[in-house]
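S.K.: Residue-level listing of the chains:
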Amino acid sequence: MSGSIAALPHRHRTHGQAIASESRGARLFLIAMALGFLGLLLVAPIVTVFIAAFAKGAGAYFAALGDPESLAAIRLTLLTAAIVVPLNLTFGIAAAWLISHYDFRGKSLLTTLIDLPFSVSPVISGLIFVLLFGAQGWLGPFLMDHDMRVIFAVPGIVLATTFVTFPLVAREVLAVMQAQGHDEEEAALTLGASGWQILFRVTLPKVRWGVLYGVILCNARAMGEFGAVSVVSGHVRGETNTMPLHIEILYNEYSFVGAFAVASLLALLSLVTLVVKKAAEWAVSEPSKGASELPPLPIKAQGVLP
Amino acid sequence: MSVAVNAVSKSFGSRDGAAAVSGVSFSAAVGEITTLLGPSGSGKSTLLRMIAGLERPDAGSIVLEGRDVTHVSPRDRSVGFVFQSYALFRHMTVFDNVAFGMRIRKRTKPEIKQKVEELLSLVQLPSFGARFPSQLSGGQRQRVALARALATEPKVLLLDEPFGALDAKVRVELREWLAGFQQQTRVTTLLVTHDQQEAFELSQHVVLLNEGKVEQAGAPHELYDHPATPFVASFLGGANVLKGTVRSGRGEASGLQVDAPAGAAEGDAFNAFVRPEDIRLVKPAEERDGVALARVDRLTRVGPSVKISLSMPDGEQVTVQMSRLEIDSIGIETGDRVLVDLRDAKVFVEDYAI
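Residue numbers (the working numbering), protein chains in the order written: chain V, 1 to 306; chain H, 1 to 354.
Among the clues, some could well be false.
Now the in silico label distances, taken between C-beta atoms and shown as ranges [said to hold, decoys possible]:
1) V:Leu204 with H:Gln317: 58 to 68 Å
2) H:Arg67 with V:Asp115: 42 to 52 Å
3) V:Asp103 with H:Ala59: 15 to 25 Å
4) H:Ser137 with V:Leu40: 17 to 27 Å
5) H:Phe12 with V:Val236: 55 to 65 Å
6) H:Lys213 with V:Leu204: 34 to 44 Å
7) V:Ser108 with H:Phe12: 31 to 41 Å
8) H:Arg67 with V:Trp196: 23 to 33 Å
9) V:Gly195 with H:Phe12: 20 to 30 Å
10) V:Ala94 with H:Ser61: 27 to 37 Å
According to the in silico footprint, chain H covers these stretches of chain V (three or more CB under 8 Å from chain H) [claimed, not checked]:
11) 89-101
12) 198-206
Simulated pairs of lysine to aspartate or glutamate, DMTMM-like, Cα-Cα distance not exceeding 25 Å [to be verified]:
13) H:Lys106 with V:Asp183
14) H:Lys283 with H:Glu222
15) H:Lys155 with H:Asp68
16) H:Lys115 with H:Asp96
17) H:Lys106 with V:Glu186
18) H:Lys115 with H:Glu153
19) H:Lys155 with V:Glu186
20) H:Lys307 with H:Asp278
21) H:Lys307 with H:Asp195
22) V:Lys107 with H:Asp58
23) H:Lys115 with V:Glu186
24) H:Lys155 with V:Asp183
25) V:Lys107 with H:Glu55
26) H:Lys155 with H:Glu32
Hint data in this document are derived by calculation from the structure and do not stem from the laboratory.
Since this is a predicted model, take the numbers as computed values, not measurements.
Positions of the beta carbon are idealized from the N, C-alpha and C atoms, including for glycine.
Model the full structure from these sequences, guided by the hints.
M.R.: So, in structure tokens, the structure goes:
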């Protein structure tokens, strides 16, 4: 968006120089189209969320957020993210390190598997876990015998969310590691560093912005995931409802202020994500001028609106 | 001998089944600069990486100061490695880069500080400690990489194309600086390069590699004056290649008299390698043996020297290099007929095509 706005001041130039390829009218038309498109599809929905949330004033807004069921949904979402993000962070760094530093049989298979969750519909991802852990599933009888619940309980939500957000850190970190090569790691090795010393003193600091970016995306998706979680959660109010699920229920019950109040929190999260992403890109490009270090992500953070 | 490489071989995967290095043996003496010289793909960098332990040889052994390190991890080999890309830690300051190896070895803070400052002034970057690598020029980064490699007091310093990424002027400056630096520190150094000028200027000992094998090893002038193989003769000095035949015990190539290759029989074909600077041109007033008439096709003045393109009587093209002074005093112009005075030629029986 900033790109199209930044283009505006330059329009004066076309008066003096006939070099510009487009006429003034064409330029204005293009700019108007870009702004209109972005406004309609990006800005308007986010603004609508906040307008609807504050439709009955700030009091109603905070009352809706303070509702015990809303608070439970927020708590569950935070808990899920708090478990899922560290899991995928550890896995992602390990997988990226493995793929970028070693050659082994099945390496391309592993790389493909990491991307699998993105190619599977989230609903299917949820169903996989129902088939595995549900009452009629493979492990269902075993779980029931031991009085353990996975489906329609927190473990199922965590599992489904982990699956769906699996590739985010790994892909991000892998791209940075591959772009940077491993000369520095080899240098550290000849200087006497052990594997762990190389990881913590050279590799992780080197890819830290990639890691941060991956974590932010992973967190945003973990909090916003709807499809897979919806299948495994069972929608038990105050117990297995995450924020997106809670928003849907409120909306279906015509409790618009409540729905949009909770939605506004997720929308805020997406804005924070964008800001941190920009900051990370700036931090990467500033000290080393390595433009290749943060390649554009093929997959954008999924929409967090219901 | 500080470094000894014994019958080392290495091949990478299934790439044409060709070995990157096959059966290479050589040694490098303590306190000297030894150069691994060769065209790209000759296996010189692979050899250096095997000495550092970054690649594992398929066969053979590597001995550093009497200790067989073939199966020792790079971290325990006590080598300093300088990468072509410098491989400085981009997130650390110059000071932290140089201190890295000593911190790994748990030296005390004052000790580290003193040593880093000492090294930074040795590489003439005393006030650069707080900078990041991205704030340095290529030549400065190279010197930081050198200081970092020396900080752990390695037995051997390994330099992989250390000047490859620098522009010509900086390269020459840094080359001279490194020669002086090495004389000062006397650290045993192995240098990989494809630039023969670099090899000749810097090292006491040159190992010339081609296609994963040692072509010849020895002092630079030895290789230059007595090339053992056609490859050495053509690689060093950009030689002209003339086809010749043995006639009545003497060799004749393009109308020029040369020594016959040792052991060649009457009528054998051979190749004569003639360096551009081993030919002198004379105006045809005087008569001498081993002299033929040639035509001057082109004169190219390159600074103090002149490159002359000749057509020999049999149509063969020959390049000659003479000083501008000589050319001006003889007065040779394009189109002139000149006598070719051959000072030196290396002759080899085997068929060799460049």
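S.K.: Which earlier hints can't be squared with this structure?
M.R.: 4, 7, 11, 14
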